[in-house]
Structure formats: structure tokens, C-alpha cells
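Residue numbers (this note's numbering), protein chains in the order written: chain A, 1 to 255; chain B, 256 to 510; chain C, 511 to 765; chain D, 766 to 1020.
These aren't lab readings, by the way, just hints derived from the structure by calculation. Each residue gets a CB set at the ideal place from its N, CA and C atoms; glycine is no exception. Any given hint might turn out to be false.
Cross-link-like lysine-lysine pairs, in silico, BS3-like; alpha carbons within 25 Å at most [claimed, not checked]:
| # | chain 1 | residue 1 | chain 2 | residue 2 |
| --- | --- | --- | --- | --- |
| 1 | C | K628 | C | K731 |
| 2 | D | K883 | C | K662 |
| 3 | D | K917 | C | K628 |
| 4 | A | K118 | B | K407 |
| 5 | A | K118 | C | K628 |
| 6 | D | K883 | C | K731 |
| 7 | D | K986 | D | K917 |
Far from chain D by the CB rule (all over 12 Å, computed), these chain B residues [to be verified]:
| # | residue |
| --- | --- |
| 8 | M325 |
| 9 | R375 |
| 10 | I378 |
| 11 | D386 |
| 12 | D402 |
| 13 | I419 |
| 14 | T470 |
Which stretches of chain C does chain D cover? Using the computed rule of at least three CB atoms under 8 Å from a CB of chain D, they are [stated by the list, open to error]:
| # | stretch |
| --- | --- |
| 15 | 551-559 |
| 16 | 567-577 |
| 17 | 617-628 |
| 18 | 662-671 |
| 19 | 687-700 |
Number of protein chains: 4
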Amino acid sequence: MVISNTQVTHIQIDNYGPWTVTPEPRREVDLQTLQSRLYADLSQLFGNRGGYVFFSRFDNMVAVSNGIDMDTHALVQESVSNRYPVTMSLGVATGRTPVSALGTATEQLQEAGSAQDKDRREILRGRAIDDQFRTDEDVQIAHFDVDDATEKYTDRLNEFDTFIHIEQGYAELMQYMRRAHDSLSFFVGGDNIIVVCPDLGEEAYHDAVEHVRGTVDVQLKVGVGRGRSASDAGMAAKHALEECRATGITVGLDF
Amino acid sequence: MVISNTQVTHIQIDNYGPWTVTPEPRREVDLQTLQSRLYADLSQLFGNRGGYVFFSRFDNMVAVSNGIDMDTHALVQESVSNRYPVTMSLGVATGRTPVSALGTATEQLQEAGSAQDKDRREILRGRAIDDQFRTDEDVQIAHFDVDDATEKYTDRLNEFDTFIHIEQGYAELMQYMRRAHDSLSFFVGGDNIIVVCPDLGEEAYHDAVEHVRGTVDVQLKVGVGRGRSASDAGMAAKHALEECRATGITVGLDF
Amino acid sequence: MVISNTQVTHIQIDNYGPWTVTPEPRREVDLQTLQSRLYADLSQLFGNRGGYVFFSRFDNMVAVSNGIDMDTHALVQESVSNRYPVTMSLGVATGRTPVSALGTATEQLQEAGSAQDKDRREILRGRAIDDQFRTDEDVQIAHFDVDDATEKYTDRLNEFDTFIHIEQGYAELMQYMRRAHDSLSFFVGGDNIIVVCPDLGEEAYHDAVEHVRGTVDVQLKVGVGRGRSASDAGMAAKHALEECRATGITVGLDF
Amino acid sequence: MVISNTQVTHIQIDNYGPWTVTPEPRREVDLQTLQSRLYADLSQLFGNRGGYVFFSRFDNMVAVSNGIDMDTHALVQESVSNRYPVTMSLGVATGRTPVSALGTATEQLQEAGSAQDKDRREILRGRAIDDQFRTDEDVQIAHFDVDDATEKYTDRLNEFDTFIHIEQGYAELMQYMRRAHDSLSFFVGGDNIIVVCPDLGEEAYHDAVEHVRGTVDVQLKVGVGRGRSASDAGMAAKHALEECRATGITVGLDF
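Please model the entire structure based on the sequences and the hints provided.
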């Protein structure tokens, strides 16, 4: 039996909200630059070790961090504090479902204090999976995109109305996958959504696609991959999605 | 009578989708890094001239570009092609409402070819507002955030469930403001949403806050500013929002 | 008569040395990343307004800032403090020669306190040239490169020995131009050296090339341009250097 | 007996010179930004795996890459081509002295074609040290700085004259260490020089300091460390240099 075993890191910038308006509101252009570059850096820091980081709210980010131990988390934390005017706290946890893993990761930070506690800085808590317990099926990642988004939307509507359609598809999928499968769905640009899943089969994905189509009339397709790390699973999912494109099927599984 | 006069730039990476999977899928970490750094750079390039850029879908971005002429747009376009493996096309337009301005901007790109046309590169079309016709009330920006987001969500729920609440508030607001007021709403991180509006009065904002509260039970507040440029209007909005925080009111107008 | 009128900004990271070893030595990789990114950002911040920044020692940089007023300097200063863990001080001055301008700029910082004074932060002193006094010949820039560097060195020696040759040419030129012409010479990568000069004629450049060839046997050529700003003068110099490449001459003047 | 065993990577941007002037000269600000960000990225990509990268000429860089295998080099190469408008070639080699290692690394690139060959792209050649042959003394790094640079120079001279002094110290040291000890010396900002050395003893460093003092009257001190990787050796060297600062000695050895 295949059991997924997702390791999740909750990344939280320490006391960020108050910082953005102290002593008075900082220029939005600088905040946007800071946030997106910090995300880019974390993307590289985790990504070059097989992890995936999702920007979600930018001041709070979520990483799939299988294969990245606590020492490496400490190094990433230090590297950020060496190069940014803000620091960040990290909670690391594992679970049978991505949501349960994230739940534990978040709790570790919450127990250490509020996200806006002035004195709570650079918390690092939790536990990474020991190498000996890792398997090639620990992570399952589904990569969705919107069918013919360019023809149907981008080349026909104004960019905001296109964006609303994509956004509606995402909003519906994220809630469905959370509710039905304890999965974490993240918009990653264009018409792409990456979902961190427990061990789900083909039917679950057909249901998800059907749900979104029926509810907000956005037609998705999805490639699914498994792997030892997020990057392995994610690359397998990309290849499966290419297969969907080539053959016209809606759900492609690379396992 | 006050009339807003928003200048909008539609930024579109040329033929990006195909590039991301040619000759085979590129690593997600590199795509995420590329996208977020390109956004950060555009944020600086427009932002240091008074503009705001919103990442929206990352491969398509929207800028409020009052005060930025076509020559400067050309320079920004060249700077990106000098430093990235991709190029981008720009459509520039003005309108009484942000949506009508964006509509025109998008049409200019669509008329030049599909977003995935291999031979359509570095289009630059449209027209910027002549300096002599600019006024101190051309841009109206509303800065929303979620009341007590840290206490209600961040410090209590797992990060994904917090994110779902914020995201629902955003999804509802973006559609309402589009439909009711031809406005463009963008999530900018944390619990913050920036909306590019035509000349709206206090009641319109009360209605919007009420609509979101009634529909998805997320309580917003909002500061509104006007200015000659996005950064002027946006900074005024931030100060108005600080006023809301200090006094407990829901809608603060800085004009 | 042509008189150059260079405006120079001395950029100094506040109390940087002590910061790099407090509470204990920070990782070199982070320092290198911080320094080079800060330089890249300043390069954009000044460069998009017509200025040139040279990294020189990284913790102290020199900009040619004609056309950039004190308010803009303040904005650049704020943008850095919003996005980096360090702050910087700026001295701005003008002079008939680049060295005299820099001398005044540096003095303004020195008078405000030591570079390693813990309490001296974000100094901003000096004066920019009023727009009405600017001319199209205020800045003179010379762009040198090494003749046939690829054939003579890069493709034949180990990279370090190539580097030593280039570096020797640079070391000799920088001292000669400082002594003979109160000019500021900066290595900018590859085999390129950019020199900020007062109003010098063709013979001065022939002498410089001859001096370097005679002293360290490195053969240079040079294109020289004038302009209202560093970028205008620098681009003219680049075109003049291309002319040298095409025609085989040693000194090309674009004026 | 201790034998150093430095693994060196020669990083060369493919056909960069011609690219910077095709179809006509690109803006210097964009080139500077591109170069310094590429260096920052490589610094992170190698640095997060224990390596050090030195910018040297920016279009040609040198890395100490002990612990980084060929597959990882391939990944770094791919990551750059995914995110930059240029590609790079990599030669990897080992040797008893840093210069001999670099010599072999460079030859591998030269044998594949000229640095300005249009058709030579993304070469990856050479061999990394097998893990089983690595030892804790493979890398020796010396970290020099200038005694009282702030008091003697920065706080007293104009920034360019300070820079000339530092630069002279560097130029002299780099040539001496190359000639006497087959070592690679790199200026890393401020008044800091990092030297990659074979297994040298205390006396060699005293001689080097004395040579620079006697020749150009710049007083250096140095901390020296050994390690399995550049970052281990480099951090040990930094601590040894702190020891020099604390105690007033000129050469500190952390082994």
C-alpha cells in the first residue's frame, strides 16, 4: 500500500504587519519587491534541495520540504536574517495528509507566540523525517491547468476578466481539495495550480475536475506524480500533464 | 467634479506558456524564481516612477502607469529583454474606469497577435497621458485589509485555512468591485488588497465592505486616497487605513 | 570652451565592517550575495535615472549622478533601508574634475562621523546641480578595453593569469588617470574599464594608452563620449569604442 | 602530512563579449545588473553547498567547489540558462595547488572552443573528487584584511584614493601569492582579500604580509583556516582573523 508522507514547513515572517507601517507606512513598491524577492530566494534555497515553496500570502509561506533536515532549515533562516531587514520563523512537521502536517507545523509557531509578538523571533521548531524512513512515494503532487486558457480567455477578454476566471477556478479547487482530500492547492502563475495531496487515485482527480467545471464552468486537466521529494513528484506531474496535452485526456498519472 | 483618469499598462510575457515546457518542462523552482524576480524588477522599474505593478497571473501583469510615457515603457521593455530569457509586450491605455482602460490596453496586444504567437515579440502600443492633461485626482486607490486577521485567523487556524479565509474575502471583493464599479482588485500579500477605482465615494466602499461581510463573513476595512500617480494615491490610502486602525472606523477617505 | 561638470555621489554602507562580524562572522556567501545585490539595485535605481554606479569596494561605491536631485537620493536611501538589513549614507557634490567632486562628497560624510560610527546612520548631505545649469557636455566618459583579450589571454592562459594581466592594466590605468587627470577609473567586468574624466582631448587618451602599454605591456583602446548624464556620455563612449573595433584606431571620440 | 586538494570550477559565460554589443551596445546599467545578479545567484547556488564563488572578471568566475559533484554542476548550469539571457560553460578540476587545478579546469573549456565561439555553449567538463577521497584538510583559505583601513584611509582620504591603496595592496598580494605559492587571491569587498592556498605554513603568510608592506606600504593581517569545503575553511579563517583583531597578531592559524 502506498502512503504519502508529506513534510511541510510553515514559514512566517516575524511581526511583519507592524513592521510595514512603522514608524509610518512603507512604500508599497518596496514591500512588493521585498516580498517577491524573499519568496524567490526561499524558492531557490528550498528548491535546490528538492523542496517546493509556495508564496500563498507572502508573509506566510508553505514549503514541501521532504529531504531537508533541521540543520538546513537553520541555515536558510540565518541566510535570510543576514540579507533582509526582517527575520522569519519556521515550523516543520510531517503527516499522513498535507493539511495535518501543516496543522502541526503551524501549531508549533502559535505555541511560541503570536505572529505579531514583538519578542518572538526566529523560532525553529519541529522535526524532519529521518533519511532512513523516506520512500520514493512520500510526496504526491498534482499539477492542474486550465484547458485552452489562451484561446478562451487571454486572447479574447480583458486581462482582469481572464484573471477572474482563472481565480474562480482556483478558489473552487482549493476549497474542494481541502475539504474532500486534506490537500493544499496553490496558484503558481499563468493558469497553473499545484496541489500537494495525500495518496489519491485517478477517480479523486476526475471528481475534482468535474466539481470545478460544474460549479464555476472552468475546465481543468491534471497531471499527477509521486516522488521522494517535491521536485521529483512535481516534475513527474509536469510530464503527466504534458501527456494530457498530447493525448487529450483529463487526468494523467505518472505512476 | 472629480473624474479619475487611470492609465493602465497590460504587461504580457511573450509566448511564455510554450517556453516553460520547451523542449521539456523546466524546473518549477526556476520558473517561480524567474516570475517573482521579474515582478520585483518591474515593481521597481514602474514603482520608482510613481507606478504600481500587480503580479496577478505573473505571466500577465497589470500596472497603473500614470506619469510614465511611452519612451519609458520602451526602456523598461528593453531592460527586461537585456536581463531575462524572455521578452514582454506592453499595451498602454487610459479610461474613465480602470476596467475600460485595461480593456483598451489588452485589445492592443490582442490585435497584434495571440499571447502564444511565436512571432509576436515586444509589442509596444498605446498612448500615455500628456503631462499637460494630468491632474492631482487622476488616480484613486483603495487599500483594504482584514480586521484582526492575526487574532482571528493566523494565530488560531492552520496557515492554509487562514489563507482560504483571506482568499475568499479577496475573491468576493474582486468580483463585486469589477461588477459594481469597473474596478481592479489585487491581492498584495498578508491580508491586504489594493483596488484601483474610478471616482467612488464613501458609500460605495461601505457597500463593498458590507457585501463581503454578508457573503463570506470576512470583515474588511478600507482607506482610500487620490493622487496624480499610483504611488501618491496609494500612500494616501495607506495613511487613511492607518486612520481606520487608530479610530475604529471602517472606511477612511484621505480627500 | 567645454567644461565638464561631473556630479558625484559617494555611497557608504553605515558601519558595515563591524556588522559583518557581529555577533560573530557572517557567512561569506551571504555577504557576497548581499553586496552584489545591493550594487545591482543601486545600479538600477541610479541607472534608470541616467546615472552610473561603480561597485569599487562594495561597502563604498561611487555614482555619477548628474540629473539626480537630492529628493531622489533620499528616496533611493529609503528604498534600501526598506529592503536591506543595512543602511547607507550619501554625500553628493559637483566639481570641475571628478576627483574634486568626489573629494567634496566624501568630506561631507567624514564630517558627519566615522564610517564605523555606530550612531551615524543614513546621512544625506550635499547639493545636486540645478536643472537650469546642466549642459549637454557636463559628463565625459571614456570606455577602455583590452585589445584582443580573448585571443591573447582568455583562450590561452589559465583564468587567473588572464585576470592578472587585465588587473595590471587596470591598476596602472587607474593610477595614471588619477594622477595625470583627476579622473576616476573603474573596472566593470571582462576586459572593460570605464573612466569618469574632466574635459580631456584626444592626446590625453593616447598618452594614457601608451603609458599602460609601456609600463605593463597591456594594449588598450578607448572610446570617449560626452553627455548631459552618465548614461548619455557612456553610451556615446560605447559607440566610439565600437568604431575603434571596426576601424582599428586606438582612440575614438564621439564629439 | 597535510596535503591540500582544492577542487576548482572555472565558470565562463558563453560568447559574452559579442552579446554585449549585438546588435548594438547594450546599456551599461543592464549589463552591470545582469553580471552582479548572476554572481549573486552563483554565490548562493555554490555557497549553499559549501562552495565559494569569486566574481573576478564577472564574465569569467572561479569557484572552489569541493563537495559539489558533476550532476550538481549540471543543475546549476541549467538553472542559469532557465533564468538568464546567457548561458555558461563549466570546467571542473582538482590539483595539489589551486593554480594547477584552475589550469586544468580552464584547459577543458579552451579545448572545447574559444570563449567567443558562437557555437560553443554550455560545456560541462571535468571531474569532481569522489566523496571517499575527501578529507577535512582539502581546502586551505586565508582571509586577509588591511590594518586600520577605516582610520587610515576611509575616514581621511577621498574614496577613490582609499580605493587605490586597497587596490594596490590587492594587486601586490595577488601577484606574490600566485608566483610564490600557486595561490588564487580575490578581492571580496571592503578591505578584504580571500586567498585559496595549497598547504602553507605560518611563515609563508608572514612573508606575504611583509612583502606587501615593503612594496606598497599597505599593512595586512591574515587568518588562515582549513576544511573539507571552502565554507568550512573560510569560516575557520574568519575566526582566526577575529583572533588577530583581538590580540594584535599578524598571522592567525586556526589549525
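List, from low to high, the hint numbers that the structure doesn't satisfy.
Hint 1 alone not satisfied by this model.
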